[in-house]
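All chains, full assembly: derive it from the sequences and hints.
Number of protein chains: 2
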Amino acid sequence: MHDEVSPIKQDLPRSYAQAGVDIAKAERTIALLRAGVHATAREATVGAFGAFGAAVRSPGSDHLLVSSADGVGTKVCLVRTEAEAAGIGRDLVHHCINDILTCGARPLFFLDYLAFSQLEPSFAAALVSGMANACAAHGCALVGGETAQMPDLYREGAFDVAGFIVGTVSADRFLDGSSIRVGDSLVGIASAGLHTNGYSLARRLLADRLEEPLGSGSIRQVLLAEHRCYLQELAPVLDEGLAHGLAHITGGGLPGNVPRMLPEGLAANVHIEAMPRPAIFEVLLGYGLDREEMYRTFNMGIGMVVACSPKNLEVVLEALPGALPIGEVVEQRGAQRVVGIS
Amino acid sequence: MHDEVSPIKQDLPRSYAQAGVDIAKAERTIALLRAGVHATAREATVGAFGAFGAAVRSPGSDHLLVSSADGVGTKVCLVRTEAEAAGIGRDLVHHCINDILTCGARPLFFLDYLAFSQLEPSFAAALVSGMANACAAHGCALVGGETAQMPDLYREGAFDVAGFIVGTVSADRFLDGSSIRVGDSLVGIASAGLHTNGYSLARRLLADRLEEPLGSGSIRQVLLAEHRCYLQELAPVLDEGLAHGLAHITGGGLPGNVPRMLPEGLAANVHIEAMPRPAIFEVLLGYGLDREEMYRTFNMGIGMVVACSPKNLEVVLEALPGALPIGEVVEQRGAQRVVGIS
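Protein chains in written order, with my numbering: chain A, 185 to 526; chain B, 185 to 526.
Source of the hints: derived by calculation from the structure; they are not laboratory data.
Mixed in with the good hints there might be a few duds.
Pairs count within a copy or across copies, as identical chains cannot be separated in the list.
Below, a list of computed lysine to aspartate or glutamate pairs in the EDC-like style, where the Cα atoms sit at most 20 Å apart [as the list claims (entries may be wrong)]: (1) 209 <-> 336; (2) 209 <-> 476; (3) 209 <-> 410.
Given below as structure tokens:
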């Protein structure tokens, strides 16, 4: 037992606030985001804001619960305004929804983790309002979250966000790629830009050019383009059982993600030039980096890949505006599971 | 449209790795943690490691899904060894399990978010192995996670972790505190130390004394004492329906957390001296900070509070080794909902 009492030093904090943690600010943040969060409540939501755990009615034992955890990488470093912070909130929810959508699941509920070097209540509330809007638009309840203020971990002015989603799909509609066959068509759905991957590289390459004009805004604004959510356009395709598999193109690009939906022994033969690339990728290609490295780092214009029977290709393309055939499933020969990039 | 091609500058990164993101290291990390994660698979787990979403069989529509998101604050700043990193992994899981336990829920599955300034595969694997061990010990499947390497956000050498848990309870056993009545007994269950709250203050106060001996180790080691998990000891109490409410004492301490289980109009009268305090709190009390501030920042030796009928008090105390009666539920008079601290 050591219970010696130390003399109080002048430079030691006298309160939690002096140690960098402002509870009053945290409480103000919670008050600001309460209304937006309430707007996402679903019929199945049980229990009150502020409880230790958030409760949602279970969908039934013939269903599966599909979950995913995601961040948005260093895209957060480009944010300057509260409106842009709200965009990051939407990015995070869309990323999570797309991930569980690849299993055929629709969102049930979402939780967030926010960490700041310094908590600015209105900024944190903007982030959460973006999440709440995206959740409400897709029938998902924002049921909880954790907000931390940690100047010792985060660089001055930095913040990070992580999202956790749980969705559900009836067991007989669970999509695991096992129905994918040689000869299946691959359909690419357009991305809106980098979505939430490759920012550590893109920001470094473009550091001096962020305010240059590109399209209708600056390069910085184009880099902040929203991570598209594919739930609404893919819902009819899933409802009709037309998709054999889905791959969400995030970190690792086409070569890192398409194999995640493919059964063993199968590979994807892609015609990457079939898909038009948003202008930002042309700017990035201008730096002359290795082409395969580019396709491993960025989505290069393709946000989601759908595998379907070639006989359903026309129907799938009609259901998905702007989608294009980008290849087909082949037998794997050699180590490469995505052929046609390099 | 802006598709001008920039000249390549010598100091620009030529690859994702040069931009601070090492995909090979990330892949090595995943290989290292695969086995530990597989060991947590439950009967209800569906689908493969590496899929976009993790699937678990739904427990049935007579059940509720209870979820929570948590971090461990700046406790991470005290970690020096891989064994200590594993301890942080256990802390995170225990924190999450305790949160949903307050609703009467048992864990189903857990996902993590890890972010580093520099990813060290063996260190990241140690963190996840701690999580996997804690999950396996409590019947919880570690179904997924996200690992990010973001030197632009995190201070040199820093890392952060967040956890997300989903558990379940049958709807008729859901604990929301609504059965708590005036006269109910409050039982305190001992904490092992600070658990995962108050570290920004404690580390600052004790910065020069971390290697001083305290008990069987150094102050730093005592600060790293594990966040206790109360699932196993509370399970029989919950099974027999003896708890009217549970409060997990985390950020905000007794005054911030006990009211979260209380119905409106009720307050807690606590006898804080009834509970022995681990030595670290005596050291912290030695700095002469405001007593109420101390009780709002730290758990001060009480990790969980159980509300029960006074007629069941003896049975509850017998079921919980080291637990002590620390007060009773009273009618709220004035603004204070926890009386007896200042």
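Going through the hints against the structure:
For the homomeric pair residue 209 and residue 336, the shortest alpha-carbon distance inside one copy (18 Å) is at most 20 Å, but the shortest distance between copies (25 Å) is not. Taking the shortest Cα distances, residue 209 and residue 476 sit within 20 Å of each other only across copies (18 Å), while inside one copy they are farther apart (46 Å). Neither within a single protomer nor between protomers do residue 209 and residue 410 lie at most 20 Å apart by alpha-carbon distance, with minima of 29 Å and 29 Å respectively.
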